[in-house]
Amino acid sequence: MTYTQTATKPSRIVLGTDWMIAYPNSSKWNILPANKANSLLEKAVSLGINAFDTARVYASEGILGRFITANKIDREKIFIISKGGHPGLFFKNPKPISNERLQEQLETSLKALNTEYLDVFLLHYDDPSVATDDIVSWCLNLLETGKTRQVGYSNFSLHRLKTITKALESEGHIPWVSAEFNCLPVQNERWKGAQNISQNFDYLQFLKDKNIPFLAYSALGRGYLKKKQIK
Numbered sequence: 417m418t419y420t421q422t423a424t425k426p427s428r429i430v431l432g433t434d435w436m437i438a439y440p441n442s443s444k445w446n447i448l449p450a451n452k453a454n455s456l457l458e459k460a461v462s463l464g465i466n467a468f469d470t471a472r473v474y475a476s477e478g479i480l481g482r483f484i485t486a487n488k489i490d491r492e493k494i495f496i497i498s499k500g501g502h503p504g505l506f507f508k509n510p511k512p513i514s515n516e517r518l519q520e521q522l523e524t525s526l527k528a529l530n531t532e533y534l535d536v537f538l539l540h541y542d543d544p545s546v547a548t549d550d551i552v553s554w555c556l557n558l559l560e561t562g563k564t565r566q567v568g569y570s571n572f573s574l575h576r577l578k579t580i581t582k583a584l585e586s587e588g589h590i591p592w593v594s595a596e597f598n599c600l601p602v603q604n605e606r607w608k609g610a611q612n613i614s615q616n617f618d619y620l621q622f623l624k625d626k627n628i629p630f631l632a633y634s635a636l637g638r639g640y641l642k643k644k645q646i647k
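417 is the number of the first residue of the sequence shown in the working numbering; add one for each residue after it.
Mixed in with the good hints, there may be bad ones.
Mimicking DSS-like on lysine-lysine, the simulated pairs with C-alpha atoms at most 25 Å apart in a straight line are [said to hold, decoys possible]:
(1) 527 / 488
(2) 511 / 563
(3) 624 / 578
(4) 488 / 425
(5) 511 / 452
(6) 493 / 452
(7) 493 / 527
(8) 459 / 511
(9) 578 / 527
(10) 425 / 527
(11) 563 / 493
(12) 563 / 527
(13) 452 / 527
(14) 488 / 459
(15) 493 / 459
(16) 488 / 452
(17) 425 / 626
(18) 527 / 582
(19) 425 / 563
(20) 624 / 488
(21) 488 / 511
(22) 511 / 425
(23) 578 / 488
(24) 493 / 511
The hints are simulated quantities; they were obtained by calculation from the structure and are not laboratory data.
I would like the entire structure built from these sequences, with the hints used as guidance.
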């Protein structure tokens with residue numbers, strides 16, 4: 417299987433970057449100024465964190481890319497995960513996911529990050545109206561570009577996850593999966609389609625059985641599990 421097809425092993429702790437810049441038309445998020453974002457990145461690197469999670473919809477890829485370039489960090493020593501295909505919940509005109517949009521966003525991510533490849537490119541958000549065969553085809557197309565070493569998906573239901581994973585396995589690929597996971601009681605979804613699998617034991621067992629690389633987001637409950645809660 418090809419999910420280990422990378423020279424860089426990611427650190428167990430992955431630094432998320434969705435707090436580093438404002439979302440359009442939204443005042444609901446705590447935003448980290450650029451200078452503090454750089455300080456946070458510097459601290460993470462000093463602690464041995466080499467894996468970073470970003471996305472087109474976060475608009476923080478540029479901050480991460482400039483940090484890597486300015487500090488002359490060896491690209492082969494860091495692990496970059498980005499995501500595309502988000503419908504744009506905070507934008508006036510959300511766009512549906514498509515092969516063309518994913519390819520376009522992959523290229524835009526590479527430019528913003530100032531890199532020739534990603535270690536992982538995830539489909540950020542599921543659209544249940546899209547056939548799973550199409551999702552599989554799009555993932556394979558992304559891999560064929562050679563511009564991402566691995567692919568996967570975020571916020572997919574277990575049913576669709578199983579179908580797509582089986583198809584990718586038949587092509588020799590084990591995908592990455594991302595979903596919310598923490599020790600807090602599962603409440604209402606943060607947004608339509610968000611997947612919190614903290615107590616979804618069938619989902620967790622499937623990931624374990626298939627040895628699927630898992631990226632947990634909101635592991636600290638968006639600050640709730642820190643001494644000072646982020647509201």
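(request) Compare the structure with the hints numbered earlier in the document and write down the numbers of the violated ones, lowest to highest. (result) Those not satisfied are hints 5, 8, 9, 18, 20, 21, 22, 23, 24.
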